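Residue numbering for the sequence shown is 220 to 649, as defined by this note's numbering.
Everything labelled a hint here was simulated from the structure, so no lab data went into it. It is possible that part of the hints are untrue.
Claimed, not checked - Simulated pairs of lysine to any residue, SDA-like, Cα-Cα distance not exceeding 25 Å:
{"id": "1", "residue 1": "540", "residue 2": "430"}
{"id": "2", "residue 1": "522", "residue 2": "290"}
{"id": "3", "residue 1": "490", "residue 2": "593"}
{"id": "4", "residue 1": "490", "residue 2": "590"}
{"id": "5", "residue 1": "522", "residue 2": "536"}
Here the structure is a predicted model, which is why all the values come from computation and not from measurement.
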Amino acid sequence: MDPHLQTRLFEAVDSGFGAQTAFLSELVAHPSTRGNEQGAQDFMAGELSARGYELDRWQIDLDEIGHLPGFSPVLAPYEDAVNVVGSHRSRTGAGRSLILNGHIDVVPEGPLDMWDSPPFAPRIADGWFYGRGAGDMKAGLASNLFALDALRACGLAPAADVFVQSVVEEECTGNGALACLARGYKADAALIPEPFAESLVTAQLGVIWFQVHLKGLPTHVAYAGSGSNAIEAAIPLIAALHEMEARWNLPEQRSADYAHMDHALNLNIGKIEGGDWTSSVPAWCVFDVRMAIFPGQGIEAAKAEIEAVLLDAARENASLKNVLPEIVYHGFHAEGYALSADKSAAAAKAIGALDAAHGAVTGRALDRTAITATTDARFFGLYADTPALVYGPRAEAIHGFNERVELDSMRRVTKATALFVADWCGVEEI
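Build out the structure end to end from the sequences listed, making use of the hints.
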């Protein structure tokens, strides 16, 4: 890249960084948990429109995406599932097109008294920006937008179409990103600034969510021996699932990207509820499970084994053998995705461009990492034949208390993104 342009872009990011931090503060102040994203999406739509981007805002229609590969089943209503996309349309079309994707939804904040400060009252301390969603991944949305702003400040625009996506549902299904594909948003590459410490994600796990519904036999606790406790019946089933988890993590089961990890696949009992009265033997119990799978590990085969494990354990339990558990799938039905497996010329060029941009900003080679989570990258890589680069700032305590993102890291990622866009898409005068 022209060294003069590189210097100008860096100066533009630095000059605009106060505005970028203010933008992030406004965005984090919106408590955009699932079903409550509208305020944050209104803000995103306003910012995109103010910059002159072609705005598309729409309500996700399950009938339009339910038949598509990668769809995840949902239990919650979808009246408030709204995506926002701002499109830059190039005059010349001389370069390669790009999707800049990010998700607006955040996970619930948990007990407020366990935060040092209110989760949706963002604050800055010692170079860190605090707030729910600051790292995961509103700082990434900010870096996407302000990288393009840096080009604009230099009197330039991408010489190819660029689609800035703010999607819902990443934290539970990914159906927001899928809806963008269904609506026709395709490009030569995608960049997703998820908070993985300025490393390129080479592989990500798949994720399956399911519920286990158990029935017991209620009775007064004085006669507990004649009843069947549905909550206690969950214990041997959970133990059986953890035995399955251990088998799936054995060396011979691991995909290549995870061969060095002893325990890449994590099972989590995320929620449990049951019973109606403290002095009654509980007649029901429901627990929610998250289980990971390796890239290449089929979802249907994994589900079949999960079901067999649960039913076999239930048949060995006196309380459950006559009323077997019901297994309900909702949320993530996500396949694993390995960018490392993409040997296309487009993937090599995109990775090379990002590597060069990162090196220009940091003076270091771009680290590669396989993560034990999932992202929306799978939709582009698996279902749209599009290399999906996951590269974002350093963050800590995502999904936890006192979530925070490092501001200097966000600044570096914004600079690297601006360089990447200029290289990948080329530039044209405004």
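These are the hints, each one checked on the structure:
Our distance criterion of 25 Å between C-alpha atoms is met by residue 540 and residue 430, whose separation comes to about 18 Å. Taking the CA atoms of residue 522 and residue 290, the gap is about 15 Å. The hint holds against a cut of 25 Å. Among the hinted pairs, residue 490 with residue 593 is consistent with the structure: their alpha-carbon atoms are about 20 Å apart, no more than 25 Å. This hinted pair checks out: residue 490 and residue 590 have alpha carbons roughly 24 Å apart, not beyond 25 Å.
Our distance criterion of 25 Å between C-alpha atoms is met by residue 522 and residue 536, whose separation comes to about 21 Å.
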